[in-house]
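The hints should help you fit chain B onto chain A, whose structure is shown.
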Amino acid sequence: MSVVVQIPAPLRPQAQGRREVTLEGRPLTVGEAFSALWAVHPSLRDRVLDERGQVRPHVNVFVGAESIRDGGGLAMPITDTCVIAIIPAVSGGCNA
Amino acid sequence: MVDSRQVRVRDGDVLVMVGTTKGAFLFRSDRRRAQWERGGPHFPGHAVYALAYDDRSGRRRLWAAPASAHWGSSLRWSEDFGRTWSAEAPGPRFPEETGATLTRVWQIRPGPVQQPRVLYCGAEPASLFVSNDGGESWSLCKGLHDHPHRAKWQPGGGGLCLHTILPHPTRKETIHVAISTAGVYRTDDGGRSWRTAHKGVRAQFLPDPHPEFGQCVHKVVRDSAQPDRMFLQNHWGLYRTDDGGETWRDIANGVPSDFGFAMEAHPHEPDTVYIVPLESDEFRCTPEGRLRVYRTRNAGRSWQPLTKGLPQEGAFETVLRDALAADACDKAGLYFGTRSGKLFASRDGGAAWRAIAEGLPPILCVKTAVVLKAGRSARPARGARAKPVVRGRARA
Numbered sequence: 135m136s137v138v139v140q141i142p143a144p145l146r147p148q149a150q151g152r153r154e155v156t157l158e159g160r161p162l163t164v165g166e167a168f169s170a171l172w173a174v175h176p177s178l179r180d181r182v183l184d185e186r187g188q189v190r191p192h193v194n195v196f197v198g199a200e201s202i203r204d205g206g207g208l209a210m211p212i213t214d215t216c217v218i219a220i221i222p223a224v225s226g227g228c229n230a
Numbered sequence: 006m007v008d009s010r011q012v013r014v015r016d017g018d019v020l021v022m023v024g025t026t027k028g029a030f031l032f033r034s035d036r037r038r039a040q041w042e043r044g045g046p047h048f049p050g051h052a053v054y055a056l057a058y059d060d061r062s063g064r065r066r067l068w069a070a071p072a073s074a075h076w077g078s079s080l081r082w083s084e085d086f087g088r089t090w091s092a093e094a095p096g097p098r099f100p101e102e103t104g105a106t107l108t109r110v111w112q113i114r115p116g117p118v119q120q121p122r123v124l125y126c127g128a129e130p131a132s133l134f135v136s137n138d139g140g141e142s143w144s145l146c147k148g149l150h151d152h153p154h155r156a157k158w159q160p161g162g163g164g165l166c167l168h169t170i171l172p173h174p175t176r177k178e179t180i181h182v183a184i185s186t187a188g189v190y191r192t193d194d195g196g197r198s199w200r201t202a203h204k205g206v207r208a209q210f211l212p213d214p215h216p217e218f219g220q221c222v223h224k225v226v227r228d229s230a231q232p233d234r235m236f237l238q239n240h241w242g243l244y245r246t247d248d249g250g251e252t253w254r255d256i257a258n259g260v261p262s263d264f265g266f267a268m269e270a271h272p273h274e275p276d277t278v279y280i281v282p283l284e285s286d287e288f289r290c291t292p293e294g295r296l297r298v299y300r301t302r303n304a305g306r307s308w309q310p311l312t313k314g315l316p317q318e319g320a321f322e323t324v325l326r327d328a329l330a331a332d333a334c335d336k337a338g339l340y341f342g343t344r345s346g347k348l349f350a351s352r353d354g355g356a357a358w359r360a361i362a363e364g365l366p367p368i369l370c371v372k373t374a375v376v377l378k379a380g381r382s383a384r385p386a387r388g389a390r391a392k393p394v395v396r397g398r399a400r401a
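Order-wise, the sequence lines are chains A and B. Heads up: the first sequence begins at 135 in the working numbering, then just goes up one per residue. Heads up: the second sequence begins at 6 in the working numbering, then just goes up one per residue.
Just chain B, with the same shape it has in the complex:
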């Protein structure tokens, strides 16, 4: 039996939730984020690709999707920060007539604050599951599952996964999802119908670099102020859209490589996005053995390396698509984990970094939460309090 260490979480704490190939870990700190306490492993031996924290309607519920090579994938939740876990939540399940079986859950995404009982799961094989009762039951989004493109979607290196879910913060019928390897799909009718939303994103690994679908999108994030502005890390290529995904433009300006997986938007500074470039889809390690986070503060017109505190020699690291996250503190913290099991943190928006853990199993995902007092509810999601759009504010 593996001993699992527990952390004592207090109101106002910052949590960093880390999913690895062999379980989940929970790091806590007070708001200063100077000292971190480690909890876990939870679900030892299980790959945890997806974690989420739901603090809507006064909840303090931590979700996890442990996947066992033997026993399959399940959804579990905890309301005491991992001290106890639900026996087994009734998770996503493919209807028998689909002939599909769940490989794993890649993403758990609470819906907007205005829809406090809505949750989404992104799954492999590429599918979207929806719960309208706070996770008590789940149903397959048939509109996407029955999409005529599905038969020709191809799995990427990690599998045919739906890894990104972006509910629109104010238009409840609009959701974007990203699938490797299919591209970005968008619904404007609550999931009944879907259409591609990746015009301009190249697929340079195909004979036609601009196919109708087949783009290998690695991650998409939404701008904190303008919901229709999103950023995309592709399998080769960095992009921005200002029109909700109708058109994308290349913003790989001054990065050592436009290949990579991870991407995160600043929680409240508009036009500010973070990436970790990797060298080529063949090598998939940080270029020149230097571990550098790149940040743009002008929506991709330029990018600057953030290196203070990060190893700049012999650091051939890989950061996966969900392993970079920001917290919601006023002075945002940034966190990322590597496949070599190192967890780095910055408490000043990326200006300086330090390792807060080493020797973890390969890190698959990093998520954050700021713990509100029990019974208090989360603020509206980013973008829901959008400032007026200032057109031309940034140009790539």
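So here's chain A without its partners, still in its complex pose:
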């Protein structure tokens, strides 16, 4: 039983090249899971969250198939078998 966070390719250098990180402990929310993730890979934090601790506007976070924007944000509850995916939003591409 463990929570897995999938790391998108652009952020893998900040996660020692890993595609996914299996978290220790029993986080109860996405926010707690992220805190555990930052503890292992601290430089990921500022790429996913801004200084106010909010998920950056062009970053999507899913628990399974559900966006956390529809499920309570970082306070969204999780189970101990879930997969959290960090995915760049299509809205954030470079200006052409």
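Everything labelled a hint here was simulated from the structure, so no lab data went into it. Each statement offered as a hint is correct.
Between beta-carbon pairs, the in silico distance windows are: (1) A:169 / B:210: 43 to 49 angstroms; (2) B:360 / A:217: 47 to 53 angstroms; (3) B:318 / A:207: 54 to 60 angstroms; (4) A:192 / B:210: 29 to 35 angstroms; (5) B:380 / A:143: 35 to 41 angstroms; (6) A:211 / B:88: 41 to 47 angstroms; (7) B:319 / A:147: 42 to 48 angstroms.
Residues from chain A that face chain B, not an exhaustive set, calculated with beta carbons under 7 angstroms: (8) 190; (9) 192; (10) 222.
All of these numbers come straight from a predicted model, not from anything done at the bench. Glycine residues also receive a C-beta, built at the ideal position from the N, C-alpha and C atoms.
Okay, now just chain B, sitting in the frame of chain A:
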């Protein structure tokens, strides 16, 4: 995965560092500056508004501020000319109590040679960050951030950015910064307090053309010999100060437009400054479809077009505020990049030009360096070896 080409940099080489909307490029040449080799893109897909080279205390450190629309802005450095980059330097970060979030870094500025561990960053929203440990850690300049004018500063077209940082070469407590749209601010106590320094600079886009603040300053450069002499390209208007920004006078004498963004001072010829005029703040392209750099050699009393080698027909180009730079060679090289991705170079102070790259992404900034042998340190910054002021040498 985007392939990034590497350049092999040798002692004595000249580097031209180019930031674009989609990454950074590094051009190198030997001192003759006849043949250029291109490296990059570094940080593909990231907008690179700020680049800098720090060669103080024997360093050979290249700084970059890539900004991703997804992942935000960061600071990175390389000590092997882009072959490898730091994982992620701990860059500027707004303290939580400010409620602000970093949009991007617009400027990275090493401090004077006499302060080899000091670096500055200019950021959006308009703020100054300072490092006193060579970039290991950064702190927000609270004196400027808490300035009572801040609430009424307005963003320009590019955002509310602090884009210019001019540490005084000999008075370490004195720094000028420029903000769009706020104006020029000056500290004389190392950043604890700031006051405006743009008296005489018009804001003709406001009901009161001489407001206390709100001037849309696009770029400010310092004269190579007289530190209190500076030149300013405004959102309409060209200016010079001889008293450290206390007063400015109009020097738009003989230019096709006093609107523009880019400005650069000659690295060692006093009173010599370069601009690229643009036609109106509505069109923002080179007037008459002619790509012309203008140079003054008398502190703005007159300006002459430099056109040899530059397209003079159908060239509706835009050169942004940080996309014009000089190198420090004895016979100074000049470089500028366009939003259409062309990079032009002159190795004779602007007398003749040629394109050394085309087809780059839109160019945001151009910076230069002359690579010293490892372990050797930069000479004092311009102005630090100032010649005695010859008053009345130039009059606008």
